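> With the hints as constraints, model all of the structure from the sequences given.
Chains as they are written, first to last, in my numbering: chain W, 1 to 236; chain Z, 1 to 236; chain V, 1 to 236; chain S, 1 to 236; chain X, 1 to 236; chain F, 1 to 236.
Treat the hints with caution; some may be incorrect.
As the list makes no split between identical chains, a pair holds if one copy fits it or if it spans any two.
What the hints assert, rightly or not - Listed next, the in silico BS3-like pairs over lysine-lysine satisfying Cα-Cα at most 30 Å (straight line):
| # | residue 1 | residue 2 |
| --- | --- | --- |
| 1 | K208 | K92 |
| 2 | K23 | K234 |
| 3 | K70 | K23 |
| 4 | K208 | K70 |
| 5 | K92 | K23 |
| 6 | K208 | K234 |
| 7 | K92 | K234 |
Since the hints were derived computationally from the structure, they do not count as laboratory data. Here the structure is a predicted model, which is why all the values come from computation and not from measurement.
Number of protein chains: 6
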Amino acid sequence: MNPDTRAKLMTVSTATLCTALFKRGLRNQFIQDVRPLNPGLPNMVGPAYTMRYIPAREDLNPIGVFLDPKHPQRVGVEECPEGAVMVIDSRKDARAASAGGILVARLMQRGVAGIVTDGGFRDSPDIARYTMPAYHTRPSAPTNLTLHQALDLNVPIGCGDVAVWPGDIVVGDAEGVIVVPAHLADEVAAEAVEMTAFEDFVQEEVMKGRPIIGLYPPTLEQSRIDFAAWRVAKGR
Amino acid sequence: MNPDTRAKLMTVSTATLCTALFKRGLRNQFIQDVRPLNPGLPNMVGPAYTMRYIPAREDLNPIGVFLDPKHPQRVGVEECPEGAVMVIDSRKDARAASAGGILVARLMQRGVAGIVTDGGFRDSPDIARYTMPAYHTRPSAPTNLTLHQALDLNVPIGCGDVAVWPGDIVVGDAEGVIVVPAHLADEVAAEAVEMTAFEDFVQEEVMKGRPIIGLYPPTLEQSRIDFAAWRVAKGR
Amino acid sequence: MNPDTRAKLMTVSTATLCTALFKRGLRNQFIQDVRPLNPGLPNMVGPAYTMRYIPAREDLNPIGVFLDPKHPQRVGVEECPEGAVMVIDSRKDARAASAGGILVARLMQRGVAGIVTDGGFRDSPDIARYTMPAYHTRPSAPTNLTLHQALDLNVPIGCGDVAVWPGDIVVGDAEGVIVVPAHLADEVAAEAVEMTAFEDFVQEEVMKGRPIIGLYPPTLEQSRIDFAAWRVAKGR
Amino acid sequence: MNPDTRAKLMTVSTATLCTALFKRGLRNQFIQDVRPLNPGLPNMVGPAYTMRYIPAREDLNPIGVFLDPKHPQRVGVEECPEGAVMVIDSRKDARAASAGGILVARLMQRGVAGIVTDGGFRDSPDIARYTMPAYHTRPSAPTNLTLHQALDLNVPIGCGDVAVWPGDIVVGDAEGVIVVPAHLADEVAAEAVEMTAFEDFVQEEVMKGRPIIGLYPPTLEQSRIDFAAWRVAKGR
Amino acid sequence: MNPDTRAKLMTVSTATLCTALFKRGLRNQFIQDVRPLNPGLPNMVGPAYTMRYIPAREDLNPIGVFLDPKHPQRVGVEECPEGAVMVIDSRKDARAASAGGILVARLMQRGVAGIVTDGGFRDSPDIARYTMPAYHTRPSAPTNLTLHQALDLNVPIGCGDVAVWPGDIVVGDAEGVIVVPAHLADEVAAEAVEMTAFEDFVQEEVMKGRPIIGLYPPTLEQSRIDFAAWRVAKGR
Amino acid sequence: MNPDTRAKLMTVSTATLCTALFKRGLRNQFIQDVRPLNPGLPNMVGPAYTMRYIPAREDLNPIGVFLDPKHPQRVGVEECPEGAVMVIDSRKDARAASAGGILVARLMQRGVAGIVTDGGFRDSPDIARYTMPAYHTRPSAPTNLTLHQALDLNVPIGCGDVAVWPGDIVVGDAEGVIVVPAHLADEVAAEAVEMTAFEDFVQEEVMKGRPIIGLYPPTLEQSRIDFAAWRVAKGR
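Put into structure tokens, the structure is as follows:
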């Protein structure tokens, strides 16, 4: 992802990106049923770095496993690249945590762009105060060892019913998280910026009282004329 | 609904209305599992204007369908009467949006009283800032075309497991949404105002330390005496 | 529970308590899928006082049942001990309320420490403003009579898939609620205070940029030395 | 329940009983989502004898608990009256067994009329060959100790979202299980026998090609005449 | 649908039809989570005739509604065309019945090709013995009036998350039910017959021990040669 | 697994194995919510060979992917060892198939011991007639490409909420499927054979009318004496 694409994706919504992907035949890129713990932050944008959990078997997951410096969860937290988004496959099971406040803080300090799980975080009240975006299904205090064993780093996974391939561009806003296939990121970002300009124009017009038919989409010539004028006036 | 009934319904809670309907044998009028995007607003009150979605078949729902000025979703947004509440049957499926920020803004500008879906809205962070009440299950960025095809306007529907007949009086507060059958609206509104006066009295007494037994319900004569005095003092 | 244990439990998180119980072979003490209505409050700590609902049969649950001063729900609200936490088995069914604002207010006035249901509360916007912690699944306006009949007080129950025995110590924070078996409360509280000191130290170090491997858990000698120094410096 | 009522209930369907109870305002007496393991048997009819499970806490439920001759599950199996139906509240959780082949065999040998759980049975292939009706949600091999602790015998419970009071008359057929409140059993049984006669008549007529309008219900005079003749002819 | 298409669809599986539709971009035509009550019958094939239920409001659905000869459920049963398949939108709610044995018998006698609901049937043991195919989610004894109000006949509906338009060709086998859009029925039937011939050939080869790679799909020239010979030999 | 262990596991039930594992602290080895398509077969026993699906992205999963002889699904079908059990992680999503009749036939012909998915099979009526055991959640006709992309072979996975490590011993009977960790297979098989002998003895006694208390478990000395005699008499 070039820096320009990242900058563009900071300015568009996951809803707009969904539509851009829908036009390309990709109907299932929005991670289902996750929400931001800290919804007031700017967009989260970065390539996916993934972690895969499988169900925890009791004998393999005593509290002592974290004494091992090679434990995948701990390795992942140190190796997730700066600017990346860690995406965790928790099999949509929020009955135990996917990670907690300390690990998420470490990711934040290392310059990671955000974290997403289709399970839940513990220490969620702390994470809600962090400046790195985090998304989950619901708070979950039990240690991950209760139900989750970290197994793989940076392999293709499912998260919230969406395929996530390492390097896909993950974008989050206050609504949720979308996964943009890597090879489409540049063109989708560019299109989404254009779509956002038009939607901002439409929103302004609607707030002034204009009907949507003929305006959204702009089937009336006048709508297109007005939008062109608006772009000039706004410098967009 | 006469203006007086609307005014009354602005002052009572969905919980009180549930009880008033329960007394009349209607046990299933509270829309399940929807919540307000903007919970700080006054009550939402208005007659139901409905829209029905069915599952979207891919070939019938390309992005181009909105070029048709007769598309039911767009027609509905322009025809929903001022003061009405648009209620959408999304088959409790929030995996794609029921509507987005621009359409909801248009409804608001047209003077519609509110909007309810048993699915989800996209652009939910925007809608959360609007001054028209909106209720859904959870945010959902994918365009409605992904899973929903708008089919009918103003027919009887189900929404959150509740029957909604056009013209039923829909009331929302920070707790959720209740559907009051049209023919009961006046009497239920009147009764709910009375119940609310009593509940406010009880709440005050409880906060002063009074036990609930004998007070709520007022099986003790003294409770009824005190309430009568309270009404006089409060002018209610 | 001695006062010292209560004081300790006011200072630790449910996440830390989960880990302390996990170490003792108790993997399933966190009540699933409940959340605080008023998350800004101090911890909720107190012994469990339970109420058990069964499904309501229509003929046994007309509105008039509350005229009976012996109705278990009303008796429970008056008999739940000061300092206790009322925990309600609502069979994870939030389609009707477990209790409402007036009853919760009465509990608060009586000095009860908090209330938990695996169903929902009505008058939830009011309860959200109370100073007594309350936890539920989601708001639910219908009167409890719609679906729930209060049957037993202070018997062992299930709540959110967790066994709750009367007298177990119930602790809630902004994340959720955990049930600590009564006989373990003192030792778990003590251990959790120690764990919290260590986690606070780790969090500080992480925010300064220190890696977690070797620090959390402190497999490096230096981590233990630094923690010892930190404790002296902080007086913990 | 008098023997005559039992005999009548052996000849009617749960569907017919549902309608008879619906007419009396009882809409929620059919146990949801249970099915017979051995659907070829005659009806199951008997008064409810209940067992209540709560979630199992690990330290209270080692395998050794069954050494205790007072363990409620084992006591229940020996004390459930001959002719009764054991109904188990498993909190709709079939992830571990409610009972297994040996206990169910013991009930059968003791003359118990049947067994119902809203969880699952283990040894289900054996139970499927028994001559005592058994109903559950799905097979479940894990021992009940994994998730269930037997706590109470013969108290009111919920089973499959239905209230079950000890002594209620439980009727099962190949479709499922219904709970008839004890005080209504005689009248409902009598009415169901009448309804069944009429439905059998209608079924015969329909199979001969007669339309249902005017026949079912018999709004046409001719339908009532024909039914009267049919009853005479059939001796019913 | 011409008679030839019907004949072809009698000989192919829903699995094969799913693949034929998948190739045309239709990924969501298999009705989810329904199963045959009588799986030993020939395929069910016919154009869809639909019925739409909404949630039942208590005051609108007393037992007496069936006295009205215009009640949509009864009208539908008499008007569903011979050779059609009745498809019912029960909002995936099987807690009460969609229809019962008498109505299904009437449809069968009238020459209807089959019936499908995404809810449940009552009198299911009877229906399981009928010679007309019937599909549902699970048996459900309560009368439809408990939860369902029949509202519309032959409008577009959702059934098991699939769009069903009147006239779409509905095909059922022992696996389940698929909805073929009307305009595609002829071509899809023809293609499915071809695919079935090939799959039958492959199945025979596999049973003789041939590996699937190169055979299925037939990327090896030899596979195509052998299939051509097989067709000649079999006269298909 | 030595041949003796396999032979033993052919004679014991998944229920007995669950208890043997429960005694060793393994509470979560029974695959949840799968059932046999062909329940009349002997037990399924073999080491796990796994396949992992992730959600299918549309552009990566056109029908043409099977032209690739390296497609993991097809490779897995040819490489799964004779005597092994193929276990598929379908993320508990049965909306599209995990595999179909031809692939399952190929596995059977290759001498594979069985197949398990926590999704569904297509061509399930055919598979139900095979002599190789197959387990799934429910029939599902849509091609796997609709929702599943095969990614990995023989890596640790989750299946029905259970951890499955390659080489774990998978046992299926008419009740369901259990996963025995590889290192425990010999001792658990031996113990299960012993337990089965005792349970068979108990079952016989119960069928003669003996009470379970003191017999099961055999806390009475007489029970142990009788069992010893029974073993001699039966040669077990």
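> Against this structure, judge whether each hint is valid.
Structure-based check of all given hints:
In this homomeric assembly, K208 and K92 never come within 30 Å of each other (Cα to Cα): the closest approach is 43 Å inside a single copy and 33 Å across copies. For a Cα distance limit of 30 Å, the shortest separation of K23 from K234 inside one copy, 27 Å, qualifies, whereas the shortest one across copies, 45 Å, does not. Taking identical chains as interchangeable, the C-alpha atoms of K70 and K23 lie at most 30 Å apart only when they sit on different chains, with a minimum of 21 Å there against 43 Å within one chain. Proximity of K208 to K70 under the C-alpha cut-off of 30 Å is restricted to the inter-copy arrangement: shortest distance 23 Å between copies versus 59 Å within a copy.
For a Cα distance limit of 30 Å, the shortest separation of K92 from K23 qualifies both inside one copy, at 28 Å, and across copies, at 25 Å. When the C-alpha separation of K208 and K234 is checked against a cutoff of 30 Å, the pair qualifies only within one copy, where the shortest distance is 17 Å, while the shortest distance between copies is 43 Å. Taking identical chains as interchangeable, the C-alpha atoms of K92 and K234 are never at most 30 Å apart, the minima being 43 Å within one chain and 40 Å between chains.
Comparing the model with each numbered hint stated earlier shows that hints 1, 7 do not hold.
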